[in-house]
Amino acid sequence: MLTAILALGALALVFGLLLGFAAVRFKVEGDPLVEKIDALLPQTQCGQCGFPGCRPYATAIAKGEADINQCPPGGQTTIVALADLLGRDPKPLNPENGQEKVEKTVAIIREDICIGCTLCIQACPVDAILGAPKQMHTVIEKECTGCELCVAPCPVECIDMIPVKEDIGSWKWKAPPAPATRPRAESDA
Amino acid sequence: MSTRPLFSFFGGVHPPMHKDVSTGQPIDVMPLAERYILPLHQNIGQPAKPVVSVGERVLKGQRIGHAEGYVSVALHAPTSGTIADIGAYPVPHPSGLSDNCIVMTADGADEWTECVALPDYENINPSHLRNIVREAGIVGLGGAGFPSFIKLNPGTHKKIDTLIMNGIECEPYITCDDMLMRERAAEIVAGIRIIRHALQANRVLIAIEDNKPQAIKSIEEAIRGESAMEVVACPTRYPQGSEKQLVEALTGKEIPSEALPLHVGIVVHNVGTAAAVYRAIMLGEPLTSRIITVTGGGVAQPRNVEARIGTVIEDILAHCGGPTAETRKLIMGGPMMGFALHSDRAPVVKTTNCLLAATAEEIPDRGPALPCIRCGACSDACPARLLPQQLFWYAQAKDLDKIQEYNLFDCIECGCCAYVCPSNIPLVHYYRFAKTEIWAREREKEKAELARQRFDFRQTRLEREKAERAARHKKKRDELHSEEPSAAPATETKKAAILAAMERAKKKKDAPRITPANTEALTPQQQQMIEEVEQRRRQSRPNPEQQSAASNGDK
Amino acid sequence: MKEYALILLSTVLVNNFVLVKFLGLCPFMGVSKKLETATGMSFATTFVLTLSSACSYLVNEYLLVPLGLEFLRTMTFILVIAVVVQFTEMVMHKHFPLLYNVLGIFLPLITTNCAVLGVALLNIQESHGFVESLLYGFGAAVGFSMVMILFAAMRERIAAADVPLAFRGPAIALVTAGLMSMAFMGFSGLVRV
Chain A
1 MLTAILALGA LALVFGLLLG FAAVRFKVEG DPLVEKIDAL LPQTQCGQCG FPGCRPYATA
61 IAKGEADINQ CPPGGQTTIV ALADLLGRDP KPLNPENGQE KVEKTVAIIR EDICIGCTLC
121 IQACPVDAIL GAPKQMHTVI EKECTGCELC VAPCPVECID MIPVKEDIGS WKWKAPPAPA
181 TRPRAESDA
Chain B
1001 MSTRPLFSFF GGVHPPMHKD VSTGQPIDVM PLAERYILPL HQNIGQPAKP VVSVGERVLK
1061 GQRIGHAEGY VSVALHAPTS GTIADIGAYP VPHPSGLSDN CIVMTADGAD EWTECVALPD
1121 YENINPSHLR NIVREAGIVG LGGAGFPSFI KLNPGTHKKI DTLIMNGIEC EPYITCDDML
1181 MRERAAEIVA GIRIIRHALQ ANRVLIAIED NKPQAIKSIE EAIRGESAME VVACPTRYPQ
1241 GSEKQLVEAL TGKEIPSEAL PLHVGIVVHN VGTAAAVYRA IMLGEPLTSR IITVTGGGVA
1301 QPRNVEARIG TVIEDILAHC GGPTAETRKL IMGGPMMGFA LHSDRAPVVK TTNCLLAATA
1361 EEIPDRGPAL PCIRCGACSD ACPARLLPQQ LFWYAQAKDL DKIQEYNLFD CIECGCCAYV
1421 CPSNIPLVHY YRFAKTEIWA REREKEKAEL ARQRFDFRQT RLEREKAERA ARHKKKRDEL
1481 HSEEPSAAPA TETKKAAILA AMERAKKKKD APRITPANTE ALTPQQQQMI EEVEQRRRQS
1541 RPNPEQQSAA SNGDK
Chain C
2001 MKEYALILLS TVLVNNFVLV KFLGLCPFMG VSKKLETATG MSFATTFVLT LSSACSYLVN
2061 EYLLVPLGLE FLRTMTFILV IAVVVQFTEM VMHKHFPLLY NVLGIFLPLI TTNCAVLGVA
2121 LLNIQESHGF VESLLYGFGA AVGFSMVMIL FAAMRERIAA ADVPLAFRGP AIALVTAGLM
2181 SMAFMGFSGL VRV
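Residue numbers (the numbering used here), protein chains in the order written: chain A, 1 to 189; chain B, 1001 to 1555; chain C, 2001 to 2193.
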């Protein structure tokens, strides 16, 4: 009996020392996974996920504090990409975070109404609004991510979200209609 | 025609050719139209940038678009007239969308701009020669529209062994190169000499499919006495005219994925391009017209026409007696690789080789796509040796990473797989869909990267501002606390500053307040008026010295 | 030498741990959705299996048997395996973070992978020597890796194919695994004893 306890105890001690050494030797600094997750996020910095930007959300996912279905701008595509990266099952977007937008939009300021209050400039996460106090503001369309964060602060409601127009450069072939997967089904029925 | 070993390429199909539909009549020159629409983007690469303004009169051959960026060529007026508009007009594109175009109204004079011919091209620096070709707006006239001057650059790393002139024209219905070779062989051969000189190529192979005996004969007569040139008659097979397949068929060399023929010492040019190069160098004429096959059951007189770039398709069809009531579909290009046009109001562009007004019998409705039965016929037909079926599955599943692993971008969209598919699956449509999806994803990634950078930059800026504000507050607080000991020096500096300011103000006052302008030639009355005004000003304003003293006192 | 070769051949093909002995089915079904993941899991399992096979032999031979503690065998082996897995996990977290995250719970679950304990116990049962134990463990791991990677490749293709609705998901995966297992039965006549 005593031999058994001693033997197991000794074994456990040896293994404990080994693991202790390994824990020091293979210590992980930071989390390289965050970079990979961040690269998949749409970088709209809209905060709809409940985190102040895309990178904080990526960090939260990597730590397991947030789920992968909290990004409405990325929508299902991003969820699938994240699920693929993390080896999880894709799931539908969490409705608490918002709805997936059907089309890409950009903000546009109705310039005759703008009073130059600079509130939208402070709200824009990517500095895509140009202007100065009491001067008309305008949106740099190319850099607008369509996050809608500027819409709410505007006191005169002069910011509209308009859909991005498709031009020849951004035009995509539409997916062909899927072949009838089970033509027999009709005869069966 | 000499006997030389012929190689072959993998796959391919033998669709019915229907070439004789449009070869019955000689090339017909289109009469001058009233209006021309010139899309700014007619080539692979960057679009041209307009260098004319609305209302300006231009001459035929005058440059109206400037080549912007390296992969770009210039654009020229097809006739003399005025620029009517610069804006979005329908262009020939599978999307049916509009794009930036220059619209011009012809004045009927058809007056040429000054053309500088360089018949002595052999003594010209090849780099200068390339520049002329670029400025002449020449792109590959076979259909892809890659700027030709780039393919006239042999590069520094390798010597060009073989120049292949592509007169294959393997796609059904299209005969524009055939007719060009029959009728203008001398121009083509002159152009080939120039291209060969620019590339310093050892030998020239002129590849023509053996279903064009008249073209072969005509070119052979034109190259009589040329020791380095040789006509090669190739057994007809689609898509032999594709660059990589042609190189393989003629030399047995397979061009690796993502490489160019240049890497194996070969350059391929279209015969139509050679004729255009001849005109640009020997006559100084830029590319303002091209030969277009107008064919199909939808036109009464199918034939080849020489049309100016920018001619509206409707005009060309009308010229050939079309479109008739039987026309079901209007296709730009051939039935294999062409695309359906949304509107006949769009113009023809540099890459338009064929307008096919197809009837219902010519483009039969193949019915709905059926499930893939995994017969593998597509893999046997694929000239790029891809796995069309596998690409299809991944395109359908939108697995954009996997589909690239299966080399989607080596697909030349020749349509052989869809042609042989017993289930009528529109395979090429799937590949085009996947390609544009991948490009869209790349664009989005770039945009996301930009947004990320800007967000990071903003974050650091906000932090910096916060730190600066905190530092300022701290400084102010410190100053308040330490006012007592530092009071004396502070007042001293203040005094010095006030003195300096007074000095500056005095200097300013002494100098004339306003520098008068336009006072060179004044009439006595004006002079008097000015003096009166000055008088009033002096009265209304108190003494400057008193004023400054008062303001100091306020402080 | 011939014996060693036979051990390898037998564990890889004839007595394949997954498809013939039906051990280690948990990761076989769980992490075979993607080829990359399956490859990573295969390497991790190979490492663990080979090392734990050797270690458990040593512990058994030089600790348990001399002290007459054979009744503690299962417990000690679990301890050995757990340590090896922990060690592997640390190494992987440091050097292959993505794989570490993708494998997720399946990595610590190697501990309870019945193939690992099975190999350790079978070594004793067949009274293998040290080299034989090592080869037996390695062979089992290679066999596991092989079917794992083959299965993952098949599942990837199945994912894009038009599987009838009723068979989609785990159903077709199990059917495929069953067919693979039947195919492996063909190896049973490979070696004449």
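Worth double-checking, as some hints may not be accurate.
With a straight-line cut-off of 30 Å between C-alpha atoms, the simulated BS3-like cross-links for lysine-lysine are [stated by the list, open to error]:
id : chain 1 : residue 1 : chain 2 : residue 2
1  : A       : Lys165    : B       : Lys1435
2  : B       : Lys1402   : B       : Lys1447
3  : C       : Lys2033   : B       : Lys1402
4  : B       : Lys1435   : A       : Lys142
5  : B       : Lys1253   : A       : Lys91
6  : A       : Lys91     : B       : Lys1447
7  : A       : Lys36     : B       : Lys1049
8  : B       : Lys1507   : A       : Lys142
Across the chosen pairs, the derived CB separations fall in these ranges [what the hints assert, rightly or not]:
id : chain 1 : residue 1 : chain 2 : residue 2 : range
9  : B       : Arg1385   : C       : Phe2167   : 29 to 37 Å
10 : C       : Arg2168   : B       : Ala1440   : 24 to 32 Å
11 : B       : Gln1453   : A       : Met136    : 23 to 31 Å
Derived by calculation from the structure, the hints in this document are not laboratory data. Glycine residues also receive a C-beta, built at the ideal position from the N, C-alpha and C atoms.
Please name the hints from earlier in the document that this structure breaks, with their numbers sorted from lowest to highest. Numbers 5, 7 and 8 - these are the hints that the structure violates, sorted from lowest upward.
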